[in-house]
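Novice: If you want the building blocks of each chain, they are given just below.
Protein chains: 2
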Amino acid sequence: MNIALDMMGGDYAPVETVKGVEEFFTGGSKDVNLLLIGDESQVTPLLPPTLGSNKHVKVVHAPEVIGMHEHPTKALKEKQKSSISIGFHLLSTGKCDAFISAGNTGAMLVGALYSIKAINGVTRPTISTVIPKDNGGTGLLLDVGLNADCKPENLNQFALLGSLYAKHINGVDNPRVALINIGEEEGKGNLLAQAAYPMLKENTAINFIGNVEGRDIFKDKADVMVCEGFTGNIILKLAESIFDITQEKNITHDYLERFNFENYGGTPVLGVSKPVIIGHGISHAKAFANMIRLAEKMIESDLMGKMANAFE
Amino acid sequence: MNIALDMMGGDYAPVETVKGVEEFFTGGSKDVNLLLIGDESQVTPLLPPTLGSNKHVKVVHAPEVIGMHEHPTKALKEKQKSSISIGFHLLSTGKCDAFISAGNTGAMLVGALYSIKAINGVTRPTISTVIPKDNGGTGLLLDVGLNADCKPENLNQFALLGSLYAKHINGVDNPRVALINIGEEEGKGNLLAQAAYPMLKENTAINFIGNVEGRDIFKDKADVMVCEGFTGNIILKLAESIFDITQEKNITHDYLERFNFENYGGTPVLGVSKPVIIGHGISHAKAFANMIRLAEKMIESDLMGKMANAFE
Chain R
61 MNIALDMMGG
71 DYAPVETVKG
81 VEEFFTGGSK
91 DVNLLLIGDE
101 SQVTPLLPPT
111 LGSNKHVKVV
121 HAPEVIGMHE
131 HPTKALKEKQ
141 KSSISIGFHL
151 LSTGKCDAFI
161 SAGNTGAMLV
171 GALYSIKAIN
181 GVTRPTISTV
191 IPKDNGGTGL
201 LLDVGLNADC
211 KPENLNQFAL
221 LGSLYAKHIN
231 GVDNPRVALI
241 NIGEEEGKGN
251 LLAQAAYPML
261 KENTAINFIG
271 NVEGRDIFKD
281 KADVMVCEGF
291 TGNIILKLAE
301 SIFDITQEKN
311 ITHDYLERFN
321 FENYGGTPVL
331 GVSKPVIIGH
341 GISHAKAFAN
351 MIRLAEKMIE
361 SDLMGKMANA
371 FE
Chain Z
61 MNIALDMMGG
71 DYAPVETVKG
81 VEEFFTGGSK
91 DVNLLLIGDE
101 SQVTPLLPPT
111 LGSNKHVKVV
121 HAPEVIGMHE
131 HPTKALKEKQ
141 KSSISIGFHL
151 LSTGKCDAFI
161 SAGNTGAMLV
171 GALYSIKAIN
181 GVTRPTISTV
191 IPKDNGGTGL
201 LLDVGLNADC
211 KPENLNQFAL
221 LGSLYAKHIN
231 GVDNPRVALI
241 NIGEEEGKGN
251 LLAQAAYPML
261 KENTAINFIG
271 NVEGRDIFKD
281 KADVMVCEGF
291 TGNIILKLAE
301 SIFDITQEKN
311 ITHDYLERFN
321 FENYGGTPVL
331 GVSKPVIIGH
341 GISHAKAFAN
351 MIRLAEKMIE
361 SDLMGKMANA
371 FE
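Heads up: the protein sequence lines correspond to chains R and Z, in order.
The opening residue of the first sequence carries number 61 in my numbering; numbering runs sequentially from there.
The opening residue of the second sequence carries number 61 in my numbering; numbering runs sequentially from there.
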């Protein structure tokens, strides 16, 4: 399998992207060929001999970079030789099987939605995050910001996409799916949650267990939690800030360490036909290595094919 | 001033309500007369001699109690001799200046909205919570669940109500008001946030500083943060769970202790014409004492009068 990685994306690129690639191969892998997309004059000199001579590693020259604050659509159109544009070109033409970048999030989303396309039947692709649970496990939360306004049927689709991800990537058998809400019983919540509940309840393709409240999000109540992207994004960034604040205050504990989102790598775009993973701007080596591992798992399990079948 | 307290409300009532009253008077107060509403046969025997002989304390007999899971409107109608019904009767007839209960939240809200009425011009009264900031300060978050679906003008009114509360109760001069959102710039967010932003910007009665994101909520960015009650309720309950989880795991630190919501007592209903404070079901003595202190402050500062003036 061929996985393309944007070497120029992220605040610490390309130094940390190179280190991430090194970390990935140190972990041992035979099946993965990595396409390192970036400015050859910057990337190649950074490669240690083990990578430089590795036949599974190939640098793909990209003379341009889309900056973190550039306008996504405009930048993709004008910088066709940027690492992100080239990555999507390789992915859409089948020259790679997955594309990873910690660069401009907007450009990654626009690229995923318009150059890769949604799975037939999926009206709104979505992005998710891993939520560390108090019992040591993890849960999946989606949407976390791609869809700020949603219809009930969008939440119902997120539930199925998240359920398949939890099953095939996280290895959870019959994942418990819950609706994020402000009360326990059916009928509670805002208009969206009230309308989504019966749809989720009737969806036989998922194991819907009802509502979960804010207090349940970090607890082992559900494996997949769905909401619109406004609430989800607030939860995601708030959870990230818990790690930052406790680090600053030197409050250390294994549980808090699990709020370090580098542990989980990046966010896959779910509902598109090929694996696209978006990294956090502040990704270091560990996050990049984890994103490559995630891409490998998504390809190996044929997650996108299974999602396409589920929406047929 | 006369403050009425529901002695039967809350999971640990009336033992903890009595202890809370004791704690309040131990702190020293000359101006407050407390009306203890509850079943005389249960409350009176619990009163220690210092309270039994205190001329500022009077037990008001209420033979009925509205249970935590009773239907609010139905219970208020059928149990007119319940502590909550009697409390609102005393408040609406001017026999007390504030009413506090940690009992059935729904019944407290229905009572506040229908027996006390909204301030002229306020279309949707709101409930708020205190948010502990990483620098030792606190912020006010509203709405936290009374209004699950909002219009932009509701958020604009919450901003003014919260601003007056922050000024007169928390003593913040020219409080910084922010909109909870999923991006920094104007134009970001869901349809509600996009429409609320320009209204807040043009509101000369508040000091609007723009958007804050999930990562900013626990930081010292704003003194007042507004959102609809769905997102606000998720944030509130999630913040409460941080305290619970860290307690369970014996992760102790001054900062985490500040997530103990008993420190702040209860939630005042803002936008109604008289002080009504709703306590958490799990309130102990400390929370009750703090709620009485808050009621005292709300009366002393004539917060409701100032709110009425602002909406004239």
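Take these hints with a grain of salt, some might be off.
When chains are identical, the list treats them as one kind, so a pair holds in a single copy or across two.
[To be verified] Cut-off 25 Å, straight-line C-alpha distance, at most; resulting in silico cross-link-like pairs (DSS-like, lysine-lysine):
| id | residue 1 | residue 2 |
| --- | --- | --- |
| 1 | Lys211 | Lys248 |
| 2 | Lys155 | Lys248 |
| 3 | Lys79 | Lys137 |
| 4 | Lys227 | Lys115 |
| 5 | Lys297 | Lys279 |
| 6 | Lys177 | Lys309 |
Worth flagging that the hints you see were computed from the coordinates, not collected in a lab.
Novice: For every hint, state whether the structure bears it out.
Specialist: Hints, verified against the model:
| no. | hint | in the structure |
| --- | --- | --- |
| 1 | Lys211 <-> Lys248 | both (17 Å within a copy, 19 Å between copies) |
| 2 | Lys155 <-> Lys248 | neither (48 Å within a copy, 35 Å between copies) |
| 3 | Lys79 <-> Lys137 | neither (30 Å within a copy, 68 Å between copies) |
| 4 | Lys227 <-> Lys115 | neither (33 Å within a copy, 66 Å between copies) |
| 5 | Lys297 <-> Lys279 | both (18 Å within a copy, 12 Å between copies) |
| 6 | Lys177 <-> Lys309 | neither (44 Å within a copy, 45 Å between copies) |
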